[in-house]
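**Q** Residue-level listing of the chains:
There are 2 protein chains.
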Amino acid sequence: MASGNLFILAAPSGAGKSSLIKALLERHQDRSMQVSVSHTTRQPRPGEQDAVHYHFVAKSEFEQLIKQDAFFEWAEVFGNYYGTSKQAIADTLERGIDVFLDIDWQGARQVKALMPQTITVFIAPPSRAELLRRLQSRGQDSEAVIADRMNKARAEISHYNEFDYVVVNDDFDRALGEIEALVISQRLQQPKQAIRHADLFAELLKED
Amino acid sequence: MASGNLFILAAPSGAGKSSLIKALLERHQDRSMQVSVSHTTRQPRPGEQDAVHYHFVAKSEFEQLIKQDAFFEWAEVFGNYYGTSKQAIADTLERGIDVFLDIDWQGARQVKALMPQTITVFIAPPSRAELLRRLQSRGQDSEAVIADRMNKARAEISHYNEFDYVVVNDDFDRALGEIEALVISQRLQQPKQAIRHADLFAELLKED
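Those sequence lines, one after another, are chains A and B.
Start counting the first sequence at 6; every next residue gets the next number (this note's numbering).
Start counting the second sequence at 6; every next residue gets the next number (this note's numbering).
In isolation and in its complexed conformation, chain A is listed as follows (with noise of 0.2 Å):
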């Protein structure tokens, strides 16, 4: 089976990310992909199930994971740790399916070195004017937060130019579809399809 290809999907709050991973994954009920777990130190948010959104997992704990170099990439932010573990995404690359894992500019960075072949894709809002509109409507957070949020946005956004693919979030369905459509032409790397349709090609090549 040819395996499974690791994307990298950054975007600063406010982009749409967690919308378009979650209609790709819709789209495709397959067992073709699937969002990397995380592990992470902070306390769930209502409606966050452990292994599901991350395995959360206590301080010293995460520090003993750091000490085994047991993560791919793993940093801390706001005091709590978030990390990726190596041995999770290798069985599922193995197995033959896609990961996104969802992570911002410095894990991107990391994943990077460590694995050359890892796809990274940098969705960018359509506008300053709508990603302000989308940090606000999130209607719980005062106008110190939001611009706090509206700095952390733009660190990210200066990123954007390390990222193999760029994806504008102006029209949701065609910023699917451009996601979608870089997956899947991954998968069609000729390595890959050579191994996928080695029978095929055996076929096709056998003399008479």
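Take these hints with a grain of salt, some might be off.
Because identical chains share one entry, a pair is satisfied inside a single copy or across any pair of copies.
[Unchecked claim] In silico DMTMM-like links for lysine to aspartate or glutamate, alpha-carbon gap of 20 Å or less: (1) LYS197 x GLU185; (2) LYS157 x ASP109; (3) LYS157 x ASP213; (4) LYS197 x GLU99.
Since the hints were derived computationally from the structure, they do not count as laboratory data.
Since we're looking at a predicted model, the values are computed, not measured.
Dock chain B against chain A, hints included.
**A** Frame of chain A, contents of chain B only:
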């Protein structure tokens, strides 16, 4: 404007390449893609129009163009010349239009050597039996001609591993979607998107 991408679509006779290209162009009538029109010295077949299907030229004229190094690649097949004008392709790409080159593995190799950024795609038939059926169903050729075509198809297929991507035409709509995915994904490359969306990124990154 971001420049267009050059695609080589190669396939054995009977793989369904022409139908796929036709359907793709019918889906995208926004002048964002077109097939390259080759020069040839062979006689027009019924229905073929000059400058649409081929630039039909005399042998002496073709040989003059060869001397002027006007062709990207050229080949002699069954005593007729076929060639691809460098200037025509360069002009089209510069206008931001993707160009499909409908050539064989020899032409693909020549073009790729000159323009390494060319995306080469091999379209394969779904099985030997189906390939034979398609070669027969034209219904106007003798068994010897069909056997000859089968040998030529096998010779073409034997080079499938020199291509960047492989599409197996077992389901027409799926194969069409796959070629479309290759075209879309090339447009999403970061350097091209940075040019296409230069204003957007300047706005997003502007300091308050």
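**Q** Each hint needs a verdict: does it hold in this structure or not?
**A** Now for the hints, and whether the structure bears them out:
1. Proximity of LYS197 to GLU185 under the C-alpha cut-off of 20 Å is found in both arrangements, the shortest distances being 18 Å within a copy and 18 Å between copies.
2. Within a single copy, LYS157 and ASP109 get their C-alpha atoms as close as 11 Å, which meets the 20 Å cut-off; across copies the closest is 50 Å, which misses it.
3. In this assembly of identical chains, LYS157 and ASP213 lie within 20 Å of each other by CA distance solely across copies; the values are 13 Å between and 64 Å within a copy.
4. For the identical chains of this complex, LYS197 and GLU99 are intra-copy neighbours only, at 13 Å inside a copy versus 32 Å across copies, given an alpha-carbon limit of 20 Å.
Checked against the numbered hints above, the structure violates none of them.
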